[in-house]
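Protein chains: 2
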Amino acid sequence: MQKLLINLKKLSVGQFILSHTFITQEVGFLKKIINNPMNFVSETLEGIILAHGDQLQFVKEDRNGLVRADARTSDKVAIVTGGGSGHLPVFLGYVGKGLADGVAVGNVFTSPSADTIYNVAKELNGENGLLFLYGNYFGDGMNFDVAAEMLEEDDIYVESVRVSDDVASAPRSDWKKRRGVAGIFFAYKITGAFSETSQPLKEVKRIAEKTAENLATMGVALSSCTLPASGEPNFQIGENEMEIGMGIHGEPGIFRAPLRTANEITTEILDRLMADLSLHKDDEVAVLVNGSGSTPLEELYIVAREVHHYLEKQTIGIYKTYVGEYATSLDMAGCSITLLKLDDELKLYLDAEADSPFFKQIGRSK
Amino acid sequence: MQKLLINLKKLSVGQFILSHTFITQEVGFLKKIINNPMNFVSETLEGIILAHGDQLQFVKEDRNGLVRADARTSDKVAIVTGGGSGHLPVFLGYVGKGLADGVAVGNVFTSPSADTIYNVAKELNGENGLLFLYGNYFGDGMNFDVAAEMLEEDDIYVESVRVSDDVASAPRSDWKKRRGVAGIFFAYKITGAFSETSQPLKEVKRIAEKTAENLATMGVALSSCTLPASGEPNFQIGENEMEIGMGIHGEPGIFRAPLRTANEITTEILDRLMADLSLHKDDEVAVLVNGSGSTPLEELYIVAREVHHYLEKQTIGIYKTYVGEYATSLDMAGCSITLLKLDDELKLYLDAEADSPFFKQIGRSK
Numbered sequence: 001m002q003k004l005l006i007n008l009k010k011l012s013v014g015q016f017i018l019s020h021t022f023i024t025q026e027v028g029f030l031k032k033i034i035n036n037p038m039n040f041v042s043e044t045l046e047g048i049i050l051a052h053g054d055q056l057q058f059v060k061e062d063r064n065g066l067v068r069a070d071a072r073t074s075d076k077v078a079i080v081t082g083g084g085s086g087h088l089p090v091f092l093g094y095v096g097k098g099l100a101d102g103v104a105v106g107n108v109f110t111s112p113s114a115d116t117i118y119n120v121a122k123e124l125n126g127e128n129g130l131l132f133l134y135g136n137y138f139g140d141g142m143n144f145d146v147a148a149e150m151l152e153e154d155d156i157y158v159e160s161v162r163v164s165d166d167v168a169s170a171p172r173s174d175w176k177k178r179r180g181v182a183g184i185f186f187a188y189k190i191t192g193a194f195s196e197t198s199q200p201l202k203e204v205k206r207i208a209e210k211t212a213e214n215l216a217t218m219g220v221a222l223s224s225c226t227l228p229a230s231g232e233p234n235f236q237i238g239e240n241e242m243e244i245g246m247g248i249h250g251e252p253g254i255f256r257a258p259l260r261t262a263n264e265i266t267t268e269i270l271d272r273l274m275a276d277l278s279l280h281k282d283d284e285v286a287v288l289v290n291g292s293g294s295t296p297l298e299e300l301y302i303v304a305r306e307v308h309h310y311l312e313k314q315t316i317g318i319y320k321t322y323v324g325e326y327a328t329s330l331d332m333a334g335c336s337i338t339l340l341k342l343d344d345e346l347k348l349y350l351d352a353e354a355d356s357p358f359f360k361q362i363g364r365s366k
Numbered sequence: 001m002q003k004l005l006i007n008l009k010k011l012s013v014g015q016f017i018l019s020h021t022f023i024t025q026e027v028g029f030l031k032k033i034i035n036n037p038m039n040f041v042s043e044t045l046e047g048i049i050l051a052h053g054d055q056l057q058f059v060k061e062d063r064n065g066l067v068r069a070d071a072r073t074s075d076k077v078a079i080v081t082g083g084g085s086g087h088l089p090v091f092l093g094y095v096g097k098g099l100a101d102g103v104a105v106g107n108v109f110t111s112p113s114a115d116t117i118y119n120v121a122k123e124l125n126g127e128n129g130l131l132f133l134y135g136n137y138f139g140d141g142m143n144f145d146v147a148a149e150m151l152e153e154d155d156i157y158v159e160s161v162r163v164s165d166d167v168a169s170a171p172r173s174d175w176k177k178r179r180g181v182a183g184i185f186f187a188y189k190i191t192g193a194f195s196e197t198s199q200p201l202k203e204v205k206r207i208a209e210k211t212a213e214n215l216a217t218m219g220v221a222l223s224s225c226t227l228p229a230s231g232e233p234n235f236q237i238g239e240n241e242m243e244i245g246m247g248i249h250g251e252p253g254i255f256r257a258p259l260r261t262a263n264e265i266t267t268e269i270l271d272r273l274m275a276d277l278s279l280h281k282d283d284e285v286a287v288l289v290n291g292s293g294s295t296p297l298e299e300l301y302i303v304a305r306e307v308h309h310y311l312e313k314q315t316i317g318i319y320k321t322y323v324g325e326y327a328t329s330l331d332m333a334g335c336s337i338t339l340l341k342l343d344d345e346l347k348l349y350l351d352a353e354a355d356s357p358f359f360k361q362i363g364r365s366k
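Sequence lines, in order, name chains L and R.
Everything in the first sequence is counted per our numbering, starting at 1 for the first residue and increasing by one.
Everything in the second sequence is counted per our numbering, starting at 1 for the first residue and increasing by one.
Quick caveat, the hints were computed from the structure, so don't treat them as lab data.
There are no misleading hints in this set.
Pairs count within a copy or across copies, as identical chains cannot be separated in the list.
In silico BS3-like cross-links for lysine-lysine, where the CA-CA straight-line distance does not exceed 27 Å:
#	residue 1	residue 2
1	341	177
2	60	313
3	320	60
4	347	313
5	360	341
6	202	347
7	347	360
8	360	320
9	210	341
10	176	202
11	210	347
Since we're looking at a predicted model, the values are computed, not measured.
Modelling step: build the complete structure from the supplied sequences, incorporating the hints.
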């Protein structure tokens with residue numbers, strides 16, 4: 001321990017920034033593999049296009065907008081999403097076959113501009129209208145609404161569905177005020193598969209809303225993450241603490257406590273999700289155990305194990321389980337659990353094929 | 001900084017273990033979402049089977065062995081792999097259609113037992129023989145060899161191919177002595193797809209060896225990882241240091257230096273991989289940019305961007321790029337770059353469909 005104390009005393013903040021080593025929390029340093037932090041987003045996006053140019057491409061003259069390389073809107077509603085960077089695979093990872101058609105990308109943890117949303121929508125618009133499908137945050141809502149107004153002046157009609165699945169942020173009676181978190185994956189999966197079947201905008205909006213309403217997510221954070229531009233942690237958390245219900249940008253959760261076991265954390269979260277969705281014996285759900293960034297996949301499966309044991313005891317059926325990093329917060333340690341209450345219609349589109357560079361599912365019929 | 005020093009002085013090792021908070025390196029603490037550390041592997045495996053029982057199942061009476069739920073060996077060679085835990089998706093993540101057929105799982109960073117390898121092989125063996133395909137480590141080699149001898153006593157014939165792609169660990173002239181690292185993904189992908197076409201064992205071995213010979217990987221480590229059982233870091237690295245060439249268990253690399261930019265690290269690695277594979281103008285490669293565990297996907301794409309720029313300058317063609325966590329070391333920060341030199345045969349099987357819970361690829365023909 002002595003060596004640590006001596007090393008720390010020698011350091012100044014300037015040294016960290018020079019060496020690309022940043023303080024992440026009171027007692028942790030993480031390092032980033034980056035170039036100029038100001039180019040973090042533009043270089044990430046360029047890397048994605050270079051790696052996956054067969055599936056994704058930049059919008060003409062706006063390198064904050066991406067669309068499917070095979071986008072076809074002549075016979076389907078186009079789904080446009082967007083949000084801040086730092087959450088890969090959310091949001092742009094869900095642009096592809098059976099998912100969304102285009103995405104407007106903001107800076108780290110920052111809403112995309114109304115102009116970029118407009119540019120993406122203009123590039124995609126066919127004769128069948130547009131659905132804006134995104135997570136419920138104030139800045140995103142404002143900019144998507146401004147873009148919708150701009151599009152209406154061009155006689156393009158837009159419907160919007162905001163995903164608001166974070167149970168910690170508002171009660172069920174006010175569920176549309178909740179923050180949008182990892183559950184948006186299910187909204188992309190189901191709405192995207194549904195829209196591939198050439199349904200009208202009104203129907204596409206209906207299934208997106210139905211999915212959103214049947215979602216419930218809660219997370220646990222064990223560490224903050226480091227913002228590339230500032231090199232600073234986005235919140236403080238003690239070295240043996242966890243926060244249940246914390247949002248993906250460090251928004252306050254329900255309570256802080258000394259870190260508990262995986263089983264205790266899982267029970268704590270599932271008690272709330274079960275109540276929130278009013279789940280009863282023999283209901284069926286899809287499960288997502290999502291990693292926040294630096295929590296190993298092994299630990300996520302230890303959580304998935306307890307999710308199965310818990311729901312089995314309650315005789316809730318698990319139709320499908322997804323485990324992995326679906327919506328992250330840079331290098332934050334932690335995870336979230338999402339339940340989606342299913343019916344036959346939702347199952348049908350959950351099972352359909354999807355193909356983006358970040359999420360692939362082989363269709364059931366195969 | 002003052003608060004940090006005070007907090008550290010208050011802590012003792014006992015406190016960390018009690019609270020599931022472990023020291024990871026001189027100046028870093030990470031926390032784990034686990035139950036009893038002794039059950040880390042068994043609970044991870046149980047979680048995987050509960051989540052993906054439609055695709056994977058335990059070997060009868062050996063819960064350290066997993067096989068494909070749809071394993072068919074009557075008309076194909078069975079591919080058996082194995083290795084230590086803590087590297088997900090390696091190794092068990094590559095058991096599925098178009099990949100391996102079964103896996104023997106060891107404890108964290110520890111070889112699987114010869115008995116488990118034998119049990120997996122016995123469960124899979126059809127009339128067409130077995131290929132053992134695994135990473136080149138002493139303990140793994142010893143136990144796979146013992147299992148092969150046990151199988152020969154049962155009149156089951158086994159061929160073995162060890163993947164040894166870590167350029168930092170031996171010169172090209174001694175490439176079979178290298179450690180096996182993330183490049184094994186390509187060996188699974190290509191050998192698995194090839195074996196689906198009902199080729200004889202001799203041919204399956206040939207394509208596995210051809211893939212292995214054309215692989216070159218080098219990594220960079222920025223932090224150590226925390227072993228769940230001991231709660232201790234597996235090596236020490238300074239708070240502003242990186243180690244180029246470090247192995248996935250902390251084996252020594254080529255040099256340590258203050259952390260450089262993403263572009264500098266990429267160039268440092270690619271200079272060595274280019275020379276190692278004797279790549280020339282107009283050669284074609286597949287690229288894997290692999291994250292070690294806690295490095296965000298955004299940073300991996302910043303590396304992928306520079307890989308594309310570098311190889312374009314050298315007029316090396318990039319046939320396909322994979323970016324993500326393909327072989328990890330728990331929560332280690334860092335990444336590796338793998339190049340696979342391609343010909344038409346390797347491309348054909350690289351493009352084929354694959355479907356495991358951890359890696360999916362939609363076939364090209366679709």
